[in-house]
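2 protein chains.
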Amino acid sequence: METLNFATFRAADFEQMEKQFRTNLINSLSGFKSVCLVGTQNRAGVTNLAVFSQVFHVGANPALMGILVRPDSVRRDTLTNLQETGFFTLNHIRADFYKQAHQTAARYEVSEFEAVGLTPIYSHAIQAPYVAESHVRIGLSFAERHNLAINGTVLIIGRVEEIFAPANCIAADGYVDIEKAGTITCSSLDSYHTTQRLARLSYAKPDKPLTEINW
Amino acid sequence: METLNFATFRAADFEQMEKQFRTNLINSLSGFKSVCLVGTQNRAGVTNLAVFSQVFHVGANPALMGILVRPDSVRRDTLTNLQETGFFTLNHIRADFYKQAHQTAARYEVSEFEAVGLTPIYSHAIQAPYVAESHVRIGLSFAERHNLAINGTVLIIGRVEEIFAPANCIAADGYVDIEKAGTITCSSLDSYHTTQRLARLSYAKPDKPLTEINW
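Protein sequence lines correspond, in order, to chains A and B. Using this note's numbering, read the first sequence as starting at 231 and increasing by one per residue. Using this note's numbering, read the second sequence as starting at 231 and increasing by one per residue.
The hints are simulated quantities; they were obtained by calculation from the structure and are not laboratory data. Some clues are possibly wrong.
Unchecked claim - Among chain B residues calculated to face chain A with C-beta under 10 Å, some are:
id, residue
1, Cys266
2, Ala274
3, Gly275
4, His322
5, Ser421
6, Asp437
Unchecked claim - Across the chosen pairs, the derived CB separations fall in these ranges:
id, chain 1, residue 1, chain 2, residue 2, range
7, A, Ala237, B, Glu339, 36 to 42 Å
8, A, Ala274, B, Arg273, 53 to 59 Å
9, A, Asn272, B, Glu344, 52 to 58 Å
10, A, Gln246, B, Arg306, 35 to 41 Å
11, A, Ile443, B, Lys410, 25 to 31 Å
12, A, Ala362, B, Gly316, 46 to 52 Å
Unchecked claim - The calculated lysine-lysine pairs, modelled on DSSO-like cross-linking and capped at a C-alpha distance of 30 Å, are:
id, chain 1, residue 1, chain 2, residue 2
13, B, Lys438, A, Lys249
14, B, Lys329, B, Lys249
15, B, Lys410, A, Lys410
16, B, Lys249, A, Lys438
17, B, Lys249, A, Lys435
18, B, Lys410, B, Lys435
19, A, Lys329, A, Lys249
20, B, Lys249, A, Lys410
21, B, Lys435, A, Lys435
22, B, Lys435, A, Lys249
23, A, Lys410, B, Lys329
24, A, Lys329, A, Lys410
25, A, Lys435, A, Lys410
26, A, Lys329, B, Lys410
27, B, Lys435, B, Lys329
28, B, Lys435, A, Lys329
29, A, Lys438, B, Lys329
Don't be surprised by glycine CBs; every beta carbon is placed ideally from N, CA and C.
All chains should be built: construct the whole structure from the sequences, respecting the hints.
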């Protein structure tokens, strides 16, 4: 039986809430998030680095990922740059530089790489900087944009052009052990978490018990 | 200096890959995900429950969340139902029922609630079932739909109508301690993980050192 004491919030309550309370509360609802550093540069080569937690898988074939961008936020450079060059990078965050990653959200006059002390590196294919300290890095080209009428947020879909990941973290079946690679996650606006695997589970079928995948 | 051995994959390689390898690989790239059970029902009241890992925050004011739905997948009932009734629920997953949550992906003829042994519960406001075993539950009304031209995926944006969360997990500043609430995360298609907090970090400003938030 349920003995937990639940707090309930309703839409009618939201407008009365203190702004920061509402922001923290609503940002908590989407669970643990795919937090990444997004690397871009403008045509002149000036780099930008921004922490994003609205990052998601869109499709495997073609290989697509999406990010949501608020045009009115400090991250607007990301949007301007990626539309200018057609490229951006996604870089997983590790515990040894998560404070620097968080700090990229400050409004700097110089490149966030320089300001927070992270290292830009480049491949031949992508006109955007990767983060050398990151162990899982994805280079993407701009593919599709949708403007969300309801709040002015912009959905950017990128096509995966290249992937760098530690060779010893890639399973024989293609699964990348991002926990072993040190990737962390975040919740709400400011909380960062490491992970501990419960299990990989077999493909679900109606009359077959699940088994744990050992790879 | 970098001593890690990196594997590199390029877009030109993707088409040659064995399908399951590519699926696992590309699904790994978005990091740890906001995995939820999505509850819906049709007009006749027949319930559906499906595990989704493409769930994200869209905005705090108005309070909005998004999910990506593949119309050609087993999850099509979710899309049909939520467009029919205008409602859906998001239910965080805990370690004590993650195998049942994963099992909802199987193609059942009956309601997944019944098939996997989870319990539907209802509020007055939302014409969709919540999961009683979940400790963080969000009820949403349909707000906006975008069809992604590039792969036929559908973006659904919902307006947050009500929130249920354990009272002892809500900080004074509105942050919900979802780790304390037992919320787990997933990676790629089949791996589930608990979390361990590193810290909550203060709002980033250019010339101010970050501090840890103790709440």
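Hint numbers not upheld by this structure, sorted from lowest to highest: Checked against the structure, the hints that fail are numbers 2, 3, 21, 27, while the rest are satisfied.
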